[in-house]
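*Asks:* Guided by the hints, dock chain B onto chain L, whose structure is given.
Line by line, the protein sequences are chains L and B. Under this note's numbering, residue 404 is the last one in the first sequence; the count climbs by one each step, no gaps. Under this note's numbering, residue 155 is the last one in the second sequence; the count climbs by one each step, no gaps.
Don't read these hints as lab results, they were simulated from the structure. Built from N, CA and C at the ideal position, the CB exists for glycine as well. Check the hints yourself; a few may be wrong.
Think about it this way: if two alpha-carbon atoms lie no more than 25 Å apart in a straight line, the pair counts; the simulated PhoX-like pairs of lysine-lysine are [as the list claims (entries may be wrong)]:
no.	chain 1	residue 1	chain 2	residue 2
1	L	LYS143	L	LYS23
2	L	LYS141	B	LYS77
3	L	LYS339	L	LYS401
4	L	LYS389	L	LYS339
5	B	LYS77	L	LYS143
6	B	LYS77	B	LYS1
Looking from chain B toward chain L, a few residues come up when the C-beta cut is under 10 Å (computed) [claimed, not checked]:
no.	residue
7	LEU72
8	LYS77
9	TYR96
10	GLU98
11	ARG99
12	MET103
13	ALA110
14	SER112
15	ARG136
Single-letter residue listing:
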Amino acid sequence: MLPRYYEFYNPVKVLSGENALENLPHELEHLHASRPMLLTNRELTQIGLTGVVEAALKSAGLALAARFEDIPPDSSVHVVNAAGRLYREANCDAIIALGGGSVIDTAKGLRILIGQETDDIMQYMGADIVKPKRHVPFAVIPTTAGTGSEATLVAVIAHPERKVKMEFVSHHLLPDLAVLDPRMTQSLPPRLTASTGMDALVHAIEGYTCIQRNPLSDAYAWAAIELIREYLPRAVVNGRDTEARLAMANAALMAGVAFSNSMVGLVHAIGHACGGVARVAHGDAMTILLPHVMEYNLDVTGERYGRLLLALAGPDVYAATPAAERGAKAIATVRELSRRLNEACGLPLRLQDVGVKEDLLPDIARTALNDGALLMNPKEAGLDDVLQILKQAL
Amino acid sequence: MGMKGLKALLIRILLWFLGRGMCVCARLDSRVAAEVSSWAEGAGLCLAIAPSGPAMSLARQGGRLRFLGLRPLPDATLLITFKHLDGALPVFLGQMSIARAYAERRMTMRGDLTFAMSAVRAILVTEAYLFPGLITRRIMQRVPVREVSMARVYLVTLFAA
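Only chain B is shown next, with the shape it has when bound in the complex:
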């Protein structure tokens, strides 16, 4: 496996944690729960890497946020596509905020940009659980305070999302 393959694998792992982590936070954190409850039933979010790299999809189904797996979602309400692996990696490693990534034109967005703001807020809160404060303080001016422990979110993400 070459460097590109390793990066793709790493992003798959990070996307898996982010996707399942968001679903867990939608159950355990009031702010993510509030964001998801504002989404229309069936609303879907897909994060993907161009041209045919890893992808991860989530959707609100049955009133809950569900992880649809590491696959694209063709009819997503919002499809965020990073232009290449190297552009995406710092974002999923918690080294760059989504706002900064957008400012650097690292991704395209297809769909409802209003929905994007809600999705971004949910991702930011989730990142506060997935990454230690040392990392999140570098990309957020105000790191969301955790309502439950990081360990609990990780445990549920790994075993019971």
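Only chain L is shown next, with the shape it has when bound in the complex:
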């Protein structure tokens, strides 16, 4: 059924395939960019990925005007400001982000800083209020297959002094280009491949069921889940499987497009809180919480989960499962995937596996209630509900 009203936006040009990076200079030229600044982190330079990007640019006669590598796992306004100073000093005219969520969020913050011609991005905190004074060409090369940030309109950047995580939601944060090159994710260890892949699965499942969903976001979510079902276990078992790596990069991007337009829900609300309060890695929190939140949502959104069984388990299982049982079977299928990944690489299945103690649960639950994703969940949840989910996941 069509929503009474919806909006959908995805202007990102996707370059996907082996040697996709070699097409980046051509695309930058079409964006009138000749002095790009690369944002990345030292680890990616150390394992040689920055060199691969530079070589691809150099092959077309393009050199980086600046390189910024001081990006920690949790980016902050200070990092964005430092990148902004370098961007202006080096007279750059485009941004290339090479990395995972933190690098890409920093690049999005930098794009606000430069595009708004400001020194303080905090005034642009919020939803749909960024109105750039100029276009800053922006390319993203993800090095994990999970966040989908290369196709989302969201950035989260900490302001340590004010003790806030600044949230920016704007379609002006969407990159011009996303480069999905299997070389960029081949070095990702199995455990990280699994947890980032499960993050993508949660984006797709929540994107398919949250209250802002629409037919176009559904299509992206569905396609992402089918790819994840087939290729995530393969990518975990054999990181050199180029087909699986590329498929997972595509799945993460598609799930990103889906949730960028339909938003995420309770799994993310609680997962963000687990990260903030107990330092649980995002992908691990997503893996652990997903089946428990699906159980919680089942009475409201069982029909949607039932449909998803086809994408999650394939046509044979779907056809063999009575319609009334498909929602529950979808949850069982998610649990089975997590269990297989646990066996393959030690992906955690319970909060206690990642060091969460019971006495932290009330604090996590209270924090989750202030996460905007809670509003988008198909079933309302209060403090007691969240606490119950956390206890089940412990």
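*Replies:* Only chain B this time, still in chain L's reference frame:
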């Protein structure tokens, strides 16, 4: 006065009740009181209609939630701006939840989105007093139970907020 003017007038009236109602609930309802007590002193909320339609502002001052009137608050901690009158009307008439309005991209938000969650919870409880259950049940899966009577909240809203 044209239809647009009538709608603007109606929204002014509804905003007046919502703003003063929230202040009353912050005194009479433990859940709204708890939300407001978590706000920093001086924290302000402004609901407005673009481009230059009605606006209503509230702020925590002297430990209490105060109605600042039907005017914008330039330095609000959170400014929620509906894109147009027609997008705002169902929300203030209790026909659409704020979550659904956000899902339909009817408004923009400037400021701290964490503060927004607390503000939304306070608005939801207030709506449970301002609207009969017949209306609120259509926009909320769980309508907050009233701790005091609806009549009392309306009386204080009208005469002693």
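*Asks:* Just to be careful, I want the Cα atoms of LYS143 of chain L and LYS23 of chain L compared with a cutoff of 25 Å; is the pair within it?
*Replies:* holds, 22 Å
*Asks:* Is the shortest C-beta separation between LYS77 of chain B and chain L less than 10 Å?
*Replies:* Since chain L brings a Cβ to about 9 Å from LYS77 of chain B, closer than 10 Å, the hint holds.
*Asks:* Under 10 Å is the threshold here; is the Cβ of MET103 of chain B close enough to any Cβ of chain L for the hint to stand?
*Replies:* MET103 of chain B check passes; min Cβ-Cβ to chain L is 4 Å, inside 10 Å.
*Asks:* Do the alpha carbons of LYS389 of chain L and LYS339 of chain L lie within 25 Å of each other, as the hint requires?
*Replies:* At roughly 19 Å apart (the allowed maximum being 25 Å), LYS339 of chain L and LYS389 of chain L satisfy the hint.
*Asks:* Would you check whether ARG99 of chain B satisfies its interface hint, that is, whether its CB is within less than 10 Å of any CB in chain L?
*Replies:* Given a least distance of 5 Å, the restraint on ARG99 of chain B holds.
*Asks:* Double-check ALA110 of chain B for me: the hint is only fine if its C-beta lies closer than 10 Å to a C-beta in chain L.
*Replies:* The hint holds - ALA110 of chain B has a Cβ within 10 Å of chain L, the shortest such distance being about 7 Å.
*Asks:* Given SER112 of chain B as an interface hint, is its Cβ closer than 10 Å to any Cβ of chain L?
*Replies:* holds, 7 Å
*Asks:* Is LYS77 of chain B within 25 Å of LYS1 of chain B, Cα to Cα?
*Replies:* Within the cut-off at roughly 14 Å; holds.
*Asks:* Tell me if the interface restraint on GLU98 of chain B is satisfied: Cβ within less than 10 Å of some Cβ in chain L.
*Replies:* holds, 5 Å
*Asks:* Is it true that the CA of LYS77 of chain B sits at most 25 Å from the CA of LYS143 of chain L?
*Replies:* holds, 21 Å
*Asks:* Holds or violated: TYR96 of chain B as interface residue toward chain L, Cβ cutoff 10 Å?
*Replies:* holds, 7 Å
*Asks:* What's the verdict on LYS339 of chain L and LYS401 of chain L, does the C-alpha distance respect the 25 Å limit or exceed it?
*Replies:* Cα-Cα ~22 Å, so holds.
The earlier numbered hints are all upheld by this structure, with none contradicted.
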